[in-house]
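Using mature numbering (1 follows the signal peptide of the UniProt record, and there is no 0), the letters of the sequence shown map in sequence onto residues -19 to -1, 1 to 123.
Worth flagging that the hints you see were computed from the coordinates, not collected in a lab. All values reported here derive from a predicted model rather than from experimental measurement. Do not take every clue at face value.
As the list claims (entries may be wrong) - Taking CB as the label site, the calculated pair distances span:
#1 G88 to G61: 31 to 41 Å
#2 S14 to R122: 27 to 37 Å
#3 V65 to A106: 26 to 36 Å
#4 D15 to G88: 26 to 36 Å
#5 W60 to R122: 11 to 21 Å
#6 W60 to P16: 17 to 27 Å
#7 A55 to T110: 11 to 21 Å
#8 P35 to E87: 29 to 39 Å
#9 G61 to E87: 12 to 22 Å
#10 V65 to A109: 17 to 27 Å
Where a beta carbon is used, it is the ideal one built from N, C-alpha and C, also for glycine.
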Amino acid sequence: MRSLLLSVIGCLLAGCTTAADGPTASSASRDLSDPAASAIAGDMVGRLAEQVGPGINKVKWNEDATPFGQAMEAALKAWGYEVVTEQGIDEKKRMVALTYGVDDLEGQALVSISAGSVELARAYATSATGASPASPVSVRRN
């Protein structure tokens, strides 16, 4: 089961493509409760911060009213990222466009985020009261 899950995550990441200035759309094919969305977003943004380091301090974000989209924006801000939803770009600050995907995989939520040259994916066991990691984080650098 675990090897199947890791294979699926690898295949999903291998199939991801980004434009020169980053991805532009996010999607969620699986509904998450607010507590699960918050737990997953906090974990994924923390993992992203580990990968991109302190040089990135601004994130281009397409406004998103879904529970996971709102949780991602809150988590980004909590981690100290400036979230930009308009075209006002300050060239003095490094910025990265961020998108996400939430899919169902054998009853678990498979969450992927893409930010510039970094793509992360992880499976989570979810419930109405939260979420917990069900796989290691898969990291891909373009």
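So, going through the hints one by one against the coordinates:
At roughly 34 Å, the beta carbons of G88 and G61 sit within the given window of 31 to 41 Å. One distance hint, 27 to 37 Å for the beta-carbon pair S14 and R122, holds here, with the actual separation near 32 Å. At roughly 33 Å, the beta-carbon separation of V65 and A106 lies within the given 26 to 36 Å, and the hint holds. Taken as a hint, the range 26 to 36 Å is violated for the pair D15 and G88, whose Cβ atoms sit roughly 20 Å apart.
Between W60 and R122 the beta carbons are some 20 Å apart, a value that agrees with the proposed interval 11 to 21 Å. Roughly 19 Å separates the CB atoms of W60 and P16, a value that falls within the hinted 17 to 27 Å. Hint check: A55 to T110, Cβ distance near 18 Å, so the stated range 11 to 21 Å holds. Distance hint check for P35 and E87: the Cβ-Cβ separation is about 37 Å, which falls inside the suggested range of 29 to 39 Å.
Between G61 and E87 the CB atoms are about 35 Å apart, so this pair departs from the stated range of 12 to 22 Å. Checked against the given bound of 17 to 27 Å, the beta carbons of V65 and A109, roughly 33 Å apart, lie outside it.
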